[in-house]
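S.K.: Next come the chains, spelled out residue by residue.
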Amino acid sequence: MTVEIRVQAVKPLRNTFGHIARRFGDKAASRYQEGTYDIQSEVNHHYKPLWDPERDLYDQRRTAVVMKDWYALKDPRQYYYGSWTIARAKQQDAVDRQMEFAEKKELLRSLPEAARKAIVFALVPLRHFEWGANTNLCLVSAYGWGTAVTQAASMATMDRLGMAQHISRLGLLADGNSGESLVQAKHFWTDHSDWQPLRREVENLMACRDWFEVIVAQTLIADSLVYGLFFNQFDSKFSSEHGPGLSTVLDFLTRWHDESNKWVDAVVKPVVAESESNRTQVQAWADHWRIAFLSALSPIAQGIMGPAGRDALAEINTKLGARLVKLGLQDHGAAL
Amino acid sequence: MTTPKAPAKKLSLKENYALLTRDLGWKPSYQTEDALFPAVKFEGIKIHDWDKWEDPFRLTMDAYWKYQGEKERKLYAIIDAFQQNNGQFNVSDARYLQALKLFINGVIGLEYSAHRGFNIVGREFPGVGTRIAAQMQAIDELRHAQTQIHALSHYNKYFAGMAEFPHQFDRTWYLSIPKSFFEDAITSGPFEYIIAICFSFEYVLTNLVFMPWMSGAAYNGDMSTVSFGFSAQSDEARHMTLGIEVIKFLLEQDPANVTIVQGWIDKWFWRGYRLLTLIAAMMDYMLPKRVMSWSEAWDIYFEQNGGALFADLARYGIRMPKHWEVTVKEKGHVSHQLWSTFYQFRHAAGFPVWLPTPEEMDWMSLKYPETFDKYYRPRYEHWAELERQGKPFVNATLPQLCQTCQWPLLFTEADDPTEICYREGSYLGEKFHFCSDGCKDIFSKEPEKFVHAHLPVHQIYQGNYFNAGVNPTAPDFNPLVEALKYMGINPGVDGGDFAGHIDAMNWELWTKRPANMHAPTTPNTAPERKSA
Amino acid sequence: MSHSTQPVFIALQANNDTMPIVEAILADNPHAVAHEYPAMVKIDAPGRLVVKRESVEERLGREFDLRELQINLISLSGSLDETEDEFILQWNAA
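Protein chains in written order, with this note's numbering: chain W, 1 to 336; chain C, 1001 to 1532; chain Z, 2001 to 2094.
It is worth saying that the hints were derived from the structure and are not from the lab.
A few of these clues could be false.
Quick look at which bits of chain W chain C covers, simulated, 3 or more residues with Cβ under 8 Å [claimed, not checked]:
| hint | stretch |
| --- | --- |
| 1 | 292-304 |
| 2 | 310-324 |
Here are the simulated BS3-like pairs of lysine-lysine, each with C-alpha atoms no more than 30 Å apart in a straight line [what the hints assert, rightly or not]:
| hint | chain 1 | residue 1 | chain 2 | residue 2 |
| --- | --- | --- | --- | --- |
| 3 | W | K74 | W | K90 |
| 4 | C | K1074 | C | K1289 |
| 5 | W | K27 | C | K1367 |
| 6 | W | K186 | C | K1014 |
| 7 | C | K1374 | C | K1289 |
| 8 | W | K27 | C | K1374 |
| 9 | W | K74 | C | K1157 |
| 10 | C | K1374 | C | K1322 |
| 11 | C | K1027 | C | K1046 |
| 12 | W | K269 | W | K186 |
| 13 | Z | K2052 | C | K1367 |
| 14 | W | K90 | C | K1027 |
| 15 | W | K186 | C | K1157 |
| 16 | W | K117 | C | K1289 |
| 17 | Z | K2042 | C | K1248 |
| 18 | C | K1289 | W | K48 |
Only a predicted model underlies this, so the values are computations on that prediction, with no experimental measurement involved.
Beta carbons: idealized from backbone N, C-alpha and C, even for Gly.
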């Protein structure tokens, strides 16, 4: 159906929605803005939640930190659903090429037995760490306040599932699709003494119900230490002994982590900057979980890297301290 | 262990999915199950083995991103083209735009609510398979909310009543119907939530929202909405399979679950049905080019399809939902009763309202041979006569709302369409009002929950619906005007009569076509060009 | 489990990509009937409907992953069972 209209004569009456114009002025808005700001319901809630009758359905009291405007936690990547899936699809295409290559060339399968076993012991159990992270980010997406932070948490939840599945595929690359590496890795996660302290802290974090504390503990503290130790330090040592085959299939994880950190920083910084009481609270959380995860990672660091594991962890911890300072916190340099 | 020399085993779709997903969870040792999953016992549902959950669509994240990314690319290409070519001027007439306002102000909020509700379930269920399914649906619902916002964004630039959709969703009187529906679901426990939404809404009733609405968009030249709709529907297909899997899983886990689930099916069928009355009026009255009548849609999508579904579930001991016969008796009435109500309260609506023309009434006579000419044509013709006399009918009071579904009490007795259906109940010495036995039953089972309903009409009468800084003692204080402003409705601009409305006037100015194709008002807007 | 004859359906967007899929479905399901609506094709069948990967590939001229159905799928009814080779919708009788 075609209709001829005098296009030049028709000027729009307004450039965007009322709530967007009140924030940014009456001009053309981005898709991120229109899809994010002020979308979540805020007032006049019906019914008390049966699962939390002391609070409202959406309730700012579900975290100890306080913000005048939770939409200050803008995602610097400006991910709304469409831009996120398209970005991930593009990344996934590259990953598929890497994995196909790795499978064809048997990059992991053809390693010496000890090296293969090292991968299964050191890395494949992290699929469960990722499932714990999925659980935790899902808490943020469920109980957080405002579309800005909860939508990013929702995407991060699915990203963690993607990482868990990617790590599982690494296992399958190592065991020729028999699935044995996954069985072994689960056994390590549930029973091997080197892994238990980390699993303990993951479970402790899964029991935490303050959603901003969970963001700090999981994405700022735990992920920095874990990704730094396993996908950076361990990978470097492994590559120096066995060549770059492993690095090529860890590339997806490290790139994702770097991208995600931009979001984490953008979320923590404004909360810290908002008030003295927020800063004190976030500092307390950061310190508590830093000590917990550092001590929890010590056995496995040495388990996978020998004595060098201690130095590796110290190096990552130093980097984390510097990052905390950048975010407006103090580096209390937790001891190992 | 396969030797390095033997080729790697080839995995089937099922095997691959199972390996990548199934065993991710573990039994906690350092915290109790209850500490990690505190919300799964209080509803009385018994789950003995979460691993019995079968994933119907075995979508790993790499496949999810690939296929969803592809869908988004295609959809946004269409939205971009629509915007660049001013596609909003291609719809059949300016009345169609008013149907879009129901969509933008009522449905986006529902999609977003669903997103949050599924995030809750995605966290609170212990089973890996169920959590992943819920999390995927959560992110799909975010997709729907955002693609709807983006698809409709361009319309907002040209037409009234669309700029305040989140503000209105929280405050406008008729929008408390969808808002309370979803908030009832999310404030329930996780098992009730998935029965309410996955099964009752996404499976039993979803076709009634999307098929007629999207076909309506297609019939009326709305490329943007039709593209959104069909793109979203492919997600809905996954949601529907989740719905049917959910119900079977719960029913197969323990026979004690059957009674509880049946109770929820009864409640949510009725609440969902009442919510859909908005669709009924939209289909019969707001689409300039109509696809089918509400009565026909209900027959196909509930009586036939729903009948097949419940026949399948009979082996678990599940029966048709309570009061289903009422919905069949009402199908010849609800759309007309609703439109009559919106007509009477058009000065308080966020969109303009109009009377059906003789041509449109003839279509209704055809589609509703037993009810339209007998009960509804006479009132429309009477109101049209009053309009011609310059004395248009307006209802000057505020309607009484049902405590449960929050509709005005506009529905009639199932066996007597000349009697408004009033029901009453009491709790802790207070009296409550309902539109039907279905709504009264819901309240009676959970009175403590439903007394907390936020009823906009009550709030207006209590003096709560005014913006900060408004002085009720000022001489020029107008409570209706102030209430409308509070709701995000522009008084005297957004609502009222369609003829003379700013959308109608701008439409004719911009497109040189009639604002109402069934009632062209001036010679220079008579259709000059035929549709291609 | 015995099969019922209650109606199942699959609805697809009507476009260039779905033409071979619709053809394949109608060829493999003799009791199925296609109804055309604006921008949509709805295929109804009593009791059971199967989409076969091979049949689609024959008509498409390239490899086809049944998961690609997601891109153009609008709606469906019936219980779903999906493998690499077949996408089956059916109702099971009591």
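S.K.: Determine for every hint whether it applies to the structure shown.
M.R.: Evaluated hints:
1. Counting residues of the stretch 292-304 of chain W whose beta-carbon sits less than 8 Å from any beta-carbon of chain C gives 0, not enough to reach three: the coverage restraint is violated.
2. Using a Cβ-Cβ cut-off of 8 Å, 0 residues of the stretch 310-324 of chain W lie near chain C, which falls short of the minimum of three, so the contact claim is violated.
3. For a cut-off of 30 Å, the pair hint linking K74 (chain W) to K90 (chain W) stands: about 23 Å separates their Cα positions.
4. For the given pair, K1074 (chain C) sits about 27 Å from K1289 (chain C) by alpha-carbon distance, which is consistent with the 30 Å threshold.
5. Under the criterion of a C-alpha separation no larger than 30 Å, the hint pairing K27 (chain W) with K1367 (chain C) is inconsistent with the structure, at around 46 Å.
6. At most 30 Å may separate the alpha-carbon atoms for a hinted pair to count; K186 (chain W) and K1014 (chain C) meet this at roughly 20 Å.
7. Straight-line distance between C-alpha atoms of K1374 (chain C) and K1289 (chain C) comes to about 24 Å, which keeps the hinted pair within the 30 Å bound.
8. Distance check on the hinted pair: K27 (chain W) and K1374 (chain C) sit about 52 Å apart at the alpha-carbon level, beyond 30 Å; violated.
9. Taking the CA atoms of K74 (chain W) and K1157 (chain C), the gap is about 25 Å. The hint holds against a cut of 30 Å.
10. The suggested pairing of K1374 (chain C) with K1322 (chain C) holds, with an alpha-carbon distance near 29 Å, which does not exceed 30 Å.
11. With a C-alpha separation of about 18 Å, the suggested pair K1027 (chain C) and K1046 (chain C) falls inside the 30 Å cut-off, and the hint holds.
12. Proposed proximity of K269 (chain W) and K186 (chain W) is contradicted: the alpha carbons are some 36 Å apart, above 30 Å.
13. Distance hint between K2052 (chain Z) and K1367 (chain C) is unfulfilled; the C-alpha atoms sit about 40 Å from each other, more than 30 Å.
14. Only pairs whose Cα atoms come within 30 Å are accepted, and K90 (chain W) paired with K1027 (chain C) is rejected, the gap being roughly 36 Å.
15. Using a Cα cut-off of 30 Å, the hinted pair K186 (chain W) and K1157 (chain C) is violated, with the two alpha carbons roughly 55 Å apart.
16. At roughly 67 Å between alpha-carbon atoms, K117 (chain W) and K1289 (chain C) are farther apart than 30 Å, so this suggested pair is violated.
17. A threshold of 30 Å between alpha carbons decides the hint, and for K2042 (chain Z) with K1248 (chain C) the separation of about 26 Å falls inside it, so the pair holds.
18. For the suggested pair K1289 (chain C) and K48 (chain W), the alpha carbons sit about 43 Å apart, so the restraint of at most 30 Å is broken.
Hints 1, 2, 5, 8, 12, 13, 14, 15, 16 and 18, counting from the list given before, are not met by this structure.
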